[in-house]
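*Asks:* Protein chains in written order, with this note's numbering: chain L, 724 to 889; chain D, 724 to 889.
Incorrect hints may appear among the rest.
It does not matter which identical chain is used: a pair holds within one copy or between any two.
Said to hold, decoys possible - Simulated pairs of lysine-lysine, DSBU-like, Cα-Cα distance not exceeding 35 Å:
| id | residue 1 | residue 2 |
| --- | --- | --- |
| 1 | Lys727 | Lys869 |
| 2 | Lys869 | Lys834 |
| 3 | Lys767 | Lys752 |
Note that these hints are calculated values from the structure, not bench results.
Here is how the chains run, residue by residue.
2 protein chains.
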Amino acid sequence: MQLKNHVEWALHCCSVLASLPDGERIPAKLLAELHGIPREYLSKALQALSTAEIVSGTLGPNGGYRLARAPSEISFLDIVEAVEGKGCTFVCTEIRDNMPCAEKPPSKGKKRRPCAVARVMYDADEAWRSHLRSVTLADLAKTVEKEVPLRVLKGNAKWLAANLDR
Amino acid sequence: MQLKNHVEWALHCCSVLASLPDGERIPAKLLAELHGIPREYLSKALQALSTAEIVSGTLGPNGGYRLARAPSEISFLDIVEAVEGKGCTFVCTEIRDNMPCAEKPPSKGKKRRPCAVARVMYDADEAWRSHLRSVTLADLAKTVEKEVPLRVLKGNAKWLAANLDR
DNA sequence: TGTATTACGGATAAATAATATCCGTAAAAG
DNA sequence: CTTTTACGGATATTATTTATCCGTAATACA
Ligand code: SF4
Ligand code: SF4
């Protein structure tokens with residue numbers, strides 16, 4: 724069981740977008756080049772982010788992507804769920820119903836409380852999500868600023884600026 | 724991203740085994756029948772549990788599976804990891820190395836500290852595992868005992884006893 | 001000793017999901 | 001009107017999951 728690579732890409736793209744001067748946009752082509760990943764495929768991830776209203780895409784020349792709201796208002800969970808979906812990692816197929824002396828599933832509309840096994844798995848899933856929910860892009864930016872040598876940060880910013888130049 | 728159905732099966736089988744009188748064993752065939760799942764395929768999950776030394780299998784007539792240690796010594800995490808592996812759900816492909824002004828990856832042996840993005844994902848993964856680690860089969864049994872009607876519990880136990888009869 | 005039972009593990013097939021590319025459409029800028 | 005760019009449908013490729021099959025070895029029992 725593995726998250727798809729879209730998650731990694733989306734997180735990195737958002738991280739880059741978070742450090743973008745106000746008003747600027749980065750086209751998918753540049754984001755792909757920056758990370759050395761296939762442009763067309765990355766597009767799918769960006770579109771998912773766009774649908775989830777985490778980034779906003781603009782058409783035409785000088786178009787591209789920017790964050791749809793402040794970095795402090797975008798959590799890791801927002802990004803992960805945008806590309807992976809909100810479904811729980813544990814799916815219960817109600818195999819308990821096959822037990823020889825099972826409780827009958829409720830005939831109509833009524834829902835049963837999920838069983839003890841499923842609840843543990845759901846709680847674990849929620850613990851995962853809860854942690855992701857607690858970290859925002861603003862937090863990430865702060866950490867990166869602290870950890871990555873200034874030379875590297877400036878170098879990348881310069882490259883971006885040069886390539887956005889038009 | 725979804726856990727494989729082996730996880731659900733393994734958890735249910737362990738739950739059944741936990742309620743088994745001391746000394747008894749259940750063959751894979753019965754466990755499969757009990758849950759209405761394909762016997763040969765379930766075998767794979769049971770073999771994984773066996774390899775992880777969570778259950779112990781015995782060959783020959785009257786053979787079958789039993790737990791390899793006390794229910795209180797088997798956590799959900801043990802079971803999940805036995806069939807899903809211990810690898811983190813987030814895999815980092817070091818795409819930061821493709822940035823135009825990246826830090827050079829350390830030339831030899833030395834390992835870099837994982838980056839900020841990866842660390843958040845790893846921490847979330849650990850939160851998930853940590854919750855699974857905190858619940859044992861003994862805890863599960865207690866909950867089930869409280870929640871499932873006695874009639875159902877006894878009915879299933881009776882069915883098992885009858886089918887183990889030889 | 002022989003036969004039935006059962007776990008074990010390799011090989012393989014089928015179905016599903018992840019990964020990747022292609023291309024047509026529409027919007028915006030100049 | 002032309003270029004740039006996101007958007008989204010269609011499709012191909014590859015990996016993983018799901019499932020079955022069968023040969024081997026160990027054990028119980030007659
Ligand atoms: S996990 Fe619970 S709800 Fe899901 S199949 Fe098992 S018993 Fe049913
Ligand atoms: S998550 Fe971190 S370690 Fe992984 S590719 Fe991105 S920057 Fe590198």
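*Asks:* Can you tell me if Lys767 and Lys752 fall within 35 Å by alpha carbon in one copy, between copies, both or neither?
*Replies:* within (12 Å within a copy, 45 Å between copies)
*Asks:* When Cα atoms must be at most 35 Å apart, do Lys869 and Lys834 count as within-copy, between-copy, both, or neither?
*Replies:* between (50 Å within a copy, 19 Å between copies)
*Asks:* Checking Lys727 and Lys869: alpha-carbon separation at most 35 Å within a copy, between copies, both or neither?
*Replies:* within (28 Å within a copy, 39 Å between copies)
The structure shown violates none of the earlier numbered hints.
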